[in-house]
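Participant: On the provided structure of chain Z, position chains D, V and Y as indicated by the hints.
There are 4 protein chains.
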Amino acid sequence: MRAIQLSAFDLDHLQRVDLPAPRPGPSEVLVRMEAASLNFRDYMLVSGQLYRGVQLPIVPVSDGAGTVVEVGEAVTRFKPGDRVTTFYKSRWIAGAMRPEWEGAEIGAPHPGVMRELASFDQYSLARAPGHLTSLQAATLPIAALTAWQALELAHVTTGQTVLLLGTGGVSLFALQFAKLRGARAIVLSSSDDKLERAKALGADIGINYARHPQWGALVREASGGIGVDAVVETVGAATLAQSLEAVRMHGFVGVLGWLGGMEATLPLASVVLKRVRVEGISVAPLEEHERMVAAIEATGLKPVIDHVYGFAQLREAFEHLAAGRHFGKLAIDFSL
Amino acid sequence: MRAIQLSAFDLDHLQRVDLPAPRPGPSEVLVRMEAASLNFRDYMLVSGQLYRGVQLPIVPVSDGAGTVVEVGEAVTRFKPGDRVTTFYKSRWIAGAMRPEWEGAEIGAPHPGVMRELASFDQYSLARAPGHLTSLQAATLPIAALTAWQALELAHVTTGQTVLLLGTGGVSLFALQFAKLRGARAIVLSSSDDKLERAKALGADIGINYARHPQWGALVREASGGIGVDAVVETVGAATLAQSLEAVRMHGFVGVLGWLGGMEATLPLASVVLKRVRVEGISVAPLEEHERMVAAIEATGLKPVIDHVYGFAQLREAFEHLAAGRHFGKLAIDFSL
Amino acid sequence: MRAIQLSAFDLDHLQRVDLPAPRPGPSEVLVRMEAASLNFRDYMLVSGQLYRGVQLPIVPVSDGAGTVVEVGEAVTRFKPGDRVTTFYKSRWIAGAMRPEWEGAEIGAPHPGVMRELASFDQYSLARAPGHLTSLQAATLPIAALTAWQALELAHVTTGQTVLLLGTGGVSLFALQFAKLRGARAIVLSSSDDKLERAKALGADIGINYARHPQWGALVREASGGIGVDAVVETVGAATLAQSLEAVRMHGFVGVLGWLGGMEATLPLASVVLKRVRVEGISVAPLEEHERMVAAIEATGLKPVIDHVYGFAQLREAFEHLAAGRHFGKLAIDFSL
Amino acid sequence: MRAIQLSAFDLDHLQRVDLPAPRPGPSEVLVRMEAASLNFRDYMLVSGQLYRGVQLPIVPVSDGAGTVVEVGEAVTRFKPGDRVTTFYKSRWIAGAMRPEWEGAEIGAPHPGVMRELASFDQYSLARAPGHLTSLQAATLPIAALTAWQALELAHVTTGQTVLLLGTGGVSLFALQFAKLRGARAIVLSSSDDKLERAKALGADIGINYARHPQWGALVREASGGIGVDAVVETVGAATLAQSLEAVRMHGFVGVLGWLGGMEATLPLASVVLKRVRVEGISVAPLEEHERMVAAIEATGLKPVIDHVYGFAQLREAFEHLAAGRHFGKLAIDFSL
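Protein chains in written order, with full-length UniProt numbering: chain Z, 1 to 336; chain D, 1 to 336; chain V, 1 to 336; chain Y, 1 to 336.
If we strip away everything but chain Z, and leave its shape as in the complex, we get (with noise of 0.2 Å):
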């Protein structure tokens, strides 16, 4: 079968191969994979910036979707036919994540989505929102629930207001699912055109951060100069210490990666008399995405996606996300 291996840390050493179609073990699940979406994890993996301990060749990529062809005996949860996602932290069910359930990740350590057939353990799977295509699923696993994720551990509830830093994926995801609970959202981007698009999806104030690098206080006093209930910091190091500006009291700010650096300035005084929660969010347990998966279906929401590349141009998609210019998602369609 068909699939794209990594053989050295590098987009010149993403090629095609062919490998023997795999056989689900006892609690496993045979999928036909039908679609990819990338994640910033997937190109610090390809370009060696992380997990570079990891054994070549890899078949890269975290987060895809498809259709179930054939379960192992023990299998409880999925039948043929069944159309379902990736969930990336496999084994994390619910509560607390546990260090013997690490190593696990599909797209490394364990082997990615780009590839026709794919075995997976049972909870390694989930299923996908029955009104969208494997393509719009397929932009699911990591981005939307890291996104939803987010929002529940703020306890984001109608009339509240959120910040969001940018239009990536997580960003656009916390903008929908914050309109589907009623929320405010206040957008940052240095793109008035992204702003406008930003609109169109539902934000209600949009914020060019380039021309006003002191944001926060702008931000506060568009949240009725209280400031917002949360932040969904996707940024980090250049944007921390605005974003503990431009929240609440009370307020909760969740730190969702490091984009802009390793290490981000933490005003004490701010934190403290403000009591501020900021708090680490990397995607959720499996729970929460059943419970994502469920919204999606209530509510009918859409991903948005920027940009659909054929299997063959994995390559390209990766250099349009290190570019960083896109508004949502790429994604990856096996049948072009």
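By construction, these hints were calculated from the structure, which means they are not laboratory data. Mixed in with the good hints, there may be bad ones.
Copies of the same chain look alike in the list, so a pair counts if it fits in one copy or across any two.
To be verified - Lysine-lysine pairs mimicking DSBU-like chemistry, simulated, CA-CA at most 35 Å apart:
no., residue 1, residue 2
1, K274, K79
2, K179, K274
3, K79, K302
Facilitator: Leaving out everything else, chains D, V and Y in the frame of chain Z:
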């Protein structure tokens, strides 16, 4: 000034009187009352079913809205011209209700809103949503807050399913709030006509309980065989067993009243094995009321008013309430 | 190997048999069983009051402890020589119980612990506290975990007051856990002797409910007139109304069983006006079990064992349990 | 009456003065002050490091205790003879702190406790634990409440492990509260002598951070290789990175101050991948204070007082505090 007083426990003893205009104390706010709405509690007072120890005569009715006329020197929360509603559980600002705060409820034992001018402590009032008339705002204090609190305590989120018993004021507010959160709503009624009206408000499923007295199993089936996430239990004695049948494992049953009698039968094995949370709810603190007002403003929610009566028609309004056939709230317009 | 089987629903049909020794599957752990303890669930099984659909003959009894003999190739949680207890609700690792995990309970429908060797999935076992003998550890799985979960769900903290109904296994574990949290404990019993023994274990107040059938008001008086923060409701039908009398506003009533009948009367006005939380509890996920084991180890807690029986005395042990006069747990030592 | 006033920002300008005795307003309580205790906030005030906008002269010091002499007509919470402490964050009764309640703090901008008689709003006072002297009770308001709140927000339960930085007032209260919950405590200090004294108070492990500047890994090792459940972060800038190293996955870091500078470096990947919650804490509402008093009474906790000064020795007490070598609280006995 014009007022209505209850001189003995009976609808026949609601009398129109002329009272001296009050003056605000240092922490008080003088309000020109413009509208009121009825809750079952008001009917229990005037019909002598509760609060018999209250000092008569008393100005009845707990919920009202109006405009601030004058404020005492220590008042920081309001200024003349502000539009306000009463806040029923005066003094309960946040956290747990404290025994020392009991006994200050507007509409018994403290005087109610059926008067042209009324002086209230500044923490017995809340800002009215900006887009609502006083008539609309007057429907909020007890009914909307109780519904809001039920959904908050149940942590209802997008994609979950909520069961509502009937189409009274609390149930319809809960329906509207549930839809604003992106939740699904199942509504019970004995009237197909009311079920149609509930669907027009957003209800996903309507069940006629008169035709389906064993509706618990039906509701469970209608929620994917799993059961609903939360029940807003406005009835009690006649319905609790079916509500426990309808709710999912780890689900929530918010008990808000005892319309159907003082005692319910609790099926213990069902509570234990399904790990259900049954929680009593009686309004909520001011902190929740203010979050609810923010939610109403952010979403533009409009209360459902079944019928509007004039100031002099209080008795007719009570008779309508007692008949139990209303769809939403019964309101009183002081200008009529 | 030696085992005991139930061949028909009756204490008379507990038979000593010789079974072939099991072998562990890839994810399984082979355990040499050294002790067991009884729960009321076991008695309901053998006396045919529940689980009548279970396939007979069956090895009975859910809770046991022993030493790991051998592990399957995929086992990561245990190694030979580890001392373990069973974990009753096999597969429930964290979060909400899932329907797909039902039906794997040890001691019906899955085989129980009354056998010299038993193979369990690695997530059906938990590490035994290091300072406890297997006999002591065998008392933990159902009773201690249920008590632990009740205090966790109630958020019992230092300085609060907990009410315990009786002196069975669950109640005494709840007493010990409450004292370890710095809480006060009020214990009810019909025996002054047992009340004295409860006080020796740390109970602050003992009340003889036989002499004070209206103990609700007495308990409230004994807790500063405010009521207790939490009730561990192990009885149900006969006691719930008094428990609701005894609990404070916003208090917690954890319903753990239905010893006194399947239906209780719920006084609705009390639930609503006191805003009480009544929550069903049936053991807890592995995550909580492991937190409990850490707590038992950190504090050196020793379970209270009323009487120890030999492997061949299972019937006598059940008769003791059925008589309901034990103080703490009834345990079975496989070496006797 | 005798009082001490700060006439300019400097320890040299603490002056003993004679002020007219206050009279209680309708909602106020007149208290004969008998003792005080110092917090770092007091030192920041008198040394001019904070609150420079405050109106001088001012009676300094936030925390005190005494006996009620007289109450205003609207006072319901106290009566003459009651023993009370101040409650620093006047008006914050429960829930979230509200901007409208800012600016009423005792000891700046409102007058502090260094005077023989003081009038306070009834919600600016709390009942003193019955078994404590006024000297002991005076140590509670800020330091004990902050420590209590940290453990409550962290949900510290029996068997968990808490890390305490240093042996100041907040750290030692946190140590005592942690032990009362049945938790384990690891204490850091640069003095072996203080570590011994901490162990005498119940600390399980002491680590000399002067000898082990990379103590994060050491703490993690000392907590089973997993990391501590909660860190009470009283230092900040110099320690936060090590605290994040020491804490477990999903752990809690309560940030209580900024003794070591206004800005800390936050290692983002660690926060995200360990899903750590970093939360600012600045005292707590009255509701928590009252729960803490109940806990102190139920357990007989006695505060650790390093040194007692007389009323006229306030300057010496401040110099002691500034030197930072105390073990527990510095208290002032008004009878000396």
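Participant: Does each hint fit the structure? Answer for all of them.
Facilitator: Now for the hints, and whether the structure bears them out:
1. Taking the shortest alpha-carbon separations for K274 and K79, only the inter-copy value of 27 Å comes in at or below 35 Å, while the best intra-copy value is 51 Å.
2. In this homomeric assembly, K179 and K274 come within 35 Å of each other (Cα to Cα) both inside a single copy, at 26 Å, and across copies, at 29 Å.
3. For the homomeric pair K79 and K302, the shortest alpha-carbon distance inside one copy (25 Å) is at most 35 Å, but the shortest distance between copies (46 Å) is not.
Hint compliance for this structure: every hint is met.
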